[in-house]
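Trainee: Construct the complete structure from the given sequences, taking the supplied hints into account.
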Amino acid sequence: MPERMSFFIPRESRIHSLNPLTKLTLAFSLIIIAFFCPGLFLPITINFLVLVPLSFLGKVGKEFIQTSIRLLLPLFAFLFVMQSLFYPGGKTELFGIWIFSVTSEGVVFAFRTATRILVMVSSFLLLLLTTHPSALMSDLARRGVPASLSFIITSTLQIIPQMQAKAATIQDAQRSRGLDTGGNLINRIRSLLPLVGPLVFSSLVDVEERAIAIEARAFTLPVEKTSLVEIPDSPAEAILRWFLAAVAIITIGYRIWLSLSSRI
Amino acid sequence: MAVIELKNLTYHYPLSETPALQSIDLEVEEGEFLAIVGANGAGKSTLCYTISGFIPHFFKGELAGSVNVAGMDPTKANLGTCVQKVGLVFQNPFNQISGSKFTVYEEIAFGLENLGVDPQEMRERVDEIIRRTRIADLRDRSPYALSGGQQQRVALASILVMKPQILVLDEPTSQLDPIGSQEVFQVIKEMALQGMTIVMAEHKVEWLAEYADRVLALSAGQIIKLGTPQEVFSSSELPKHGVGISRYTQVARRALQENLWLEGRRMPVTLDESIEGFREIIP
Amino acid sequence: MKLIDSIKRDFNTMTLVMIPVAIAINVVIGQIVSLLKLPVYLDSIGTVLVAAICGPWAGALTGTLSNIIWGLLIDPNAFPWFPVALVIGFVAGWCAVGGLFRAWWKVIIAGILVSLAAAAISSPIQVYLYGGITASGSSFITAFLLQSGRDLMTAVLSTNFLVEPIDKIATCLLAFVSARYLARFPRPENIMGSSSR
Ligand SMILES: Nc1ncnc2c1ncn2[C@@H]1O[C@H](COP(=O)(O)OP(=O)(O)OP(=O)(O)O)[C@@H](O)[C@H]1O
Ligand SMILES: [Mg+2]
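Residue numbers (our numbering), protein chains in the order written: chain A, 261 to 524; chain B, 91 to 373; chain C, 424 to 620.
Just so you know, the hints here were simulated from the structure itself, not pulled from any lab data. Just so we're clear, the structure is a prediction, and the values are computed from it rather than from any experiment. Do not rely on the hints blindly, as some may be mistaken.
As the list claims (entries may be wrong) - The calculated lysine to aspartate or glutamate pairs, modelled on EDC-like cross-linking and capped at a C-alpha distance of 20 angstroms, are: (1) B:K175 <-> A:E353; (2) A:K485 <-> B:E214; (3) B:K150 <-> A:E469.
Mentor: Structure representation (structure tokens):
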């Protein structure tokens, strides 16, 4: 499986050297604004006037655009076709195809949904392209997220490639024993069973020993842990984070106020 | 002074009828290197786990008799305290990688992070230990991208950096190729020569004969022999219990039948002893 | 305090090392299945496995983190669906506590319960975030129902109630078969019954 197993691209940039929590806060604030602020063109503005320039500042602009197209194009194509054709309650017909009619309400709805999802995915992409997952996790652990949580996430990132290799080995072995893994549905389902069993089993037999190994390294000792890598942070960034959080909260408040007042 | 003291120790794994260890009496002195030998299933790992506190904390089960390790009763202390005094390294190098670190250097620091050691001191201790275990050149590699022998030295370093008083090794080379084993043995030898208390389950009799102070032979959970390598490895009882004896002893036994070994001369367990013996016959 | 004890019971060191393996199982098998173009996802076998052998809280955490990992590594579109994965783990865990993972026909009941919970949680997310349509084949059913005059939520809910059970029953059965291979795990009574070890 040639899928690259992390989005992170190690480069030197202003965005890379930001504290991970700052980037995480930025992502969440932009998503909240995109979803809760009225304004049909707000999300797409955020994407092209905030996220895209930031990605170029972070020297990952090309990858940023490529990855978002790869991740979102199929979804958006599907979304536009289905929504413009089937949007319930569409009245203003733009044009008709066979028995279907494309309504402007449907197109607007698809546009709104798509641009919001675009902001959601792109905000995270900016974070992920410029932040090593373990830096994010150790920064969160330092701020009080339980160590076991960051342990789980970082070790999963290491186990997945190993397990992919293991799965490939099992599949090769199956093929060399003449098991048909292509063709019709029944064949494909049948090829799955002898894969799942061995894969799960071989991965879980080692669990006991690995638990002993991390106990032997005092993982469960009830003292406050320290961290080898110190992740840079600054008071200016802290202020920026508080500012972003405040904007997000105000946005939600504004939205609640809007919907309450429209109901009266 | 005894740092490990087991008195009439008997242990059953959960739901198991037969004891995995039975009436074990053992004292290990500070700075001593004790080897444990025995056939598969003899109880070597079980004894290692008992000394390092994983029995009863991790495996539960029933433990009778008394245990005293490094001045504490591991059955009463919590596991976190036990592992600070007793380091455990076991067979499979791959399974000893914490999995949460991306470089060898961070991997070795993992234990110190858990102990809450100050980052400055942490770096000093990791730097020192990677030098002593000769893995300084691997420091920025991923722990998963190493050979078995390298991984096992990383595992050793990761435990040694925590400065345990006692080092327990459960067949640390049994899954390594000859070169990997050699590298690991070299590190263990240096630790032993520096006066660290070591308990090591191992099959490579010739190596143990050379470096161990005493050898404990186990069979079906019981001690069948305890003494110097010379006493234990030349014993004719060991093969009956499925325990290998030294190659040099085997050669000398055969030589005795062929009149190439002096009648009544003690059986050799090391290369030097056997050469000495043959010198007397062949001047 | 009963709640905290119930949560604590699920998390020992064994669980802690088992969860990453389970998440990796979700991701790797999920990817293979999507390559095989089967009409199911099978991306929560690991979650159900942990839920059954370690407990509902551990299962919920496994599901949640699976989606976060999937989002971190493969597609950030996975993030907003984490409540579905959480509920799958949680419900499967309580099914196991209630003894539904002791025989294969009971596992089918567990699969149905899990799928109902999953459909109930995923439908609102699908409606509010994606306008009811996602890039999967089942959206054609939704479109058909919409066309025949249902409102959006009803259409999405009915679609999910229709397609989820196949996937979740298959998932639970596969997790059940895999669990039988494992010798020692934290809650053997969930799988083996209380009489045997
Ligand atoms: N977790 C366990 N639960 C129940 N019985 C166990 C467990 N681990 C080991 N045993 C049993 O206890 C006995 C001693 O096993 P132990 O692993 O200590 O032997 P060993 O000398 O280390 O063998 P080997 O050379 O194979 O490593 C064996 O009969 C084994 O089957
Ligand atoms: Mg053993």
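Trainee: Taking 20 angstroms as the top limit, are the C-alpha atoms of B:K175 and A:E353 close enough?
Mentor: Status violated; Cα separation ~78 angstroms.
Trainee: Between B:K150 and A:E469, does the CA-CA distance stay at or below 20 angstroms?
Mentor: Within the cut-off at roughly 15 angstroms; holds.
Trainee: Given the hinted pair A:K485 and B:E214, is their Cα-Cα distance within 20 angstroms?
Mentor: Holds - the C-alpha atoms of B:E214 and A:K485 are around 18 angstroms apart, at most 20 angstroms.
Against the hints set out earlier in the document, a violation occurs for number 1 only.
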